[in-house]
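Student: Using the sequences plus the hints, can you model the full thing?
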Amino acid sequence: MEAFIEKVLLNPMEKFLETAAAFIPNMLTGLFLLILGLVVAWFVKLFMVRFLRMIQVDNLFEKSGAQGALRNLGIGDSLSGLIGRFSYWTVVLIFLTMALDALKTPAVEEFLARFFLYLPNVFVAAFVVVIGYLVGNFLGRATLIASVNANLPFGSFLARFVKITVYILTATMALELLGIGKDTVLVAFAIVFGGIVLAFAIAFGLGAQDAARRYLEKKLEEKERKPDDIEHI
Amino acid sequence: MPGGENPRDRWGWKIDTVVLREEVKSKLKEIGKADLVIGIPSFNNEDTIAHVVRAAQAGVAKYFPEMTTVLVNSDGGSTDDTKNIVENTLIDDFQPLLIPRRRDLFSKIITPYHGIPGKGSAFRTVFEIARQLDVKACAVVDSDLRSITPEWIDLLIRPVLEEEFDFINPYYLRHKYDGTITNSIVFPMTSALYGKRIRQPIGGDFGFSGRMAGFYLSKDVWETDVARFGIDIWMTTTAVANGFKVCQSFLGAKIHAAKDPGSDLSAMLTQVVGSVFQLMEEYEGTWKQVNGAAPVPLFGFQFAVGLEPVNVNTDRMIHMFGAGMQELGELWARILEPATMDLLNSVRGSDPFNLDDELWTRIIYDYAVAWHRRIMNRDHIMRTLTPLYLGKVASLVLELAESDSGEVERRLESLCDVFERYKPYLIDRWKR
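So the protein lines, in turn, are chains D and E.
Take the first sequence: its letter number 17 is residue 1261 in the working numbering, and every next letter is one higher.
Take the second sequence: its letter number 344 is residue 349 in the working numbering, and every next letter is one higher.
It is worth saying that the hints were derived from the structure and are not from the lab.
One should not assume that every hint holds.
Restraint ranges, calculated between C-beta atoms of paired labels, are given here [stated by the list, open to error]:
1) D:1439 to E:269: 26 to 36 Å
2) E:426 to D:1445: 27 to 37 Å
3) D:1442 to E:286: 41 to 51 Å
4) E:117 to D:1397: 40 to 50 Å
5) E:331 to D:1301: 52 to 62 Å
6) D:1443 to E:327: 41 to 51 Å
7) E:354 to D:1397: 20 to 30 Å
8) D:1430 to E:327: 35 to 45 Å
9) E:121 to D:1299: 24 to 34 Å
10) D:1439 to E:229: 43 to 53 Å
Don't be surprised by glycine CBs; every beta carbon is placed ideally from N, CA and C.
Tutor: Here it is, written out as structure tokens:
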């Protein structure tokens, strides 16, 4: 009976305690590295932002017109802020990798190996998302301004529609790059997008027929009036 | 070339040689030297260009019979009969015009221009030919003019020859509702920035000295928007900001071929006002030093003519202003100062509709600063101006409904006063 208890209960417990005793220092090391990483990242960010502001990088960036170009694309942050944030996350990522590596468990090591192989896809997908976000903002604003200047109704609605369409398209591309449900995502996008268009068409045809009639009547009335003859230049 | 530097012309301006065709070069060699050049840029103007060529020919024969004159048609690749019409148009019988027959008629150079398609590139070719012929004076006139008379040539050339002016701006008679971009933006801006009350800085038909043509050629702008569409305001501003002697000539009514009704107001506004703002960056050091504005001499016999009535739909303009307030308010809040935005919010409910001069001046100056700082895409900035501009036009039309032309002119002069008074606001915001 004693042999049985030793084999079934004590040996595994002993093994577990040995493994735990070996793992806990690693875990503490990992935790320490992670906390250290967050602190170092915060200092690096602070240093970068202050240093860049001290050497007036933001002013130079503004004067070169590049800051304006970023604002055109919907990014309001200063260059020092952007670099500071990038530095912060880079340091955090480095320390996180070190922390995970310190755990010295085969599963985590394998995960890290896979993660580093997968990382380029993440970067490309992130790049696509950023570009998509910027293009969506830009096209949305252009649509809004053009529709107001063309005296079209529902300008903000059109602008939002354009922006969201670009966002959805971007998300689809990013998910495709990450290899998540490749064909499913594409088909889902086609169905959702087609559905949205159809829904709007039906809504406009049925639900908004009075509004459509009023709009067309107004347009026809305007045409019957003599147009502006002003020569603006 | 020593040191790889560009050669200089006789006034010391740098010469960046323009590509001319072989036949043009040999024609220039054959002519050698000339006194005057009349430039006509064209692109598919077969319906109107014959009249312009005849007016130029009669003008030269009547007012400058002893001068060697070259007519330059700088064409943008017309696919119609424009070039043949210029080639074959001649006044055979000067007797009905009471002009004694000249021994030799003027020479013609008909050539396609090189470079970016646009009026600026066409003018560049005219400037180059003027430089190579070492002329005393030039005039450039649009090829779609229906109201040009021989007197226009005299009025655009004589101030150069007899009064030593370098640049002659046109002064047309226009309906009180026409030329609203000029009246409400370009005229007061030019006046406030450069201190010269030039009534129509973007008229399109100009006279200038050979020296001025050389100076224009020395500027490195021929690959920019100046070559495409901004040449008129660029010529005026360049002359004024560089201290050349400038005057105006009264030409009477300007009637030209009907413009494309589909031409986009927003694009027009973007091009014209964007060009003014672009020049503000180039001449920042100049306009900041200018205080007040002086009148500019006006030559020619002034007269009044009956102008065709102009239909204006102010309700539509006010509606578009309101739509802009509703839809573009967020973008305007980024472009305009908070105080300007507050004033603008009070305009919407005004009865009668009124967008006053102080507010309009602040709006235009805020736009100039936003454009300078690139707070968003420059094209987007400019295009958001359209509803505001229509609001100002509606306001002016309502205000001037019962006014005669004299009252309208005084009203526009007072708008210039406000632009000049608010200049410190612009300078302060520009440098902040």
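Student: State for each hint whether it applies.
Tutor: Do the hints match the structure? See the list:
no. : hint                        : verdict
1   : D:1439 to E:269: 26 to 36 Å : holds, 34 Å
2   : E:426 to D:1445: 27 to 37 Å : violated, 54 Å
3   : D:1442 to E:286: 41 to 51 Å : holds, 49 Å
4   : E:117 to D:1397: 40 to 50 Å : holds, 45 Å
5   : E:331 to D:1301: 52 to 62 Å : violated, 39 Å
6   : D:1443 to E:327: 41 to 51 Å : violated, 30 Å
7   : E:354 to D:1397: 20 to 30 Å : holds, 22 Å
8   : D:1430 to E:327: 35 to 45 Å : holds, 43 Å
9   : E:121 to D:1299: 24 to 34 Å : violated, 39 Å
10  : D:1439 to E:229: 43 to 53 Å : holds, 47 Å
The structure shown violates the earlier hints numbered 2, 5, 6 and 9.
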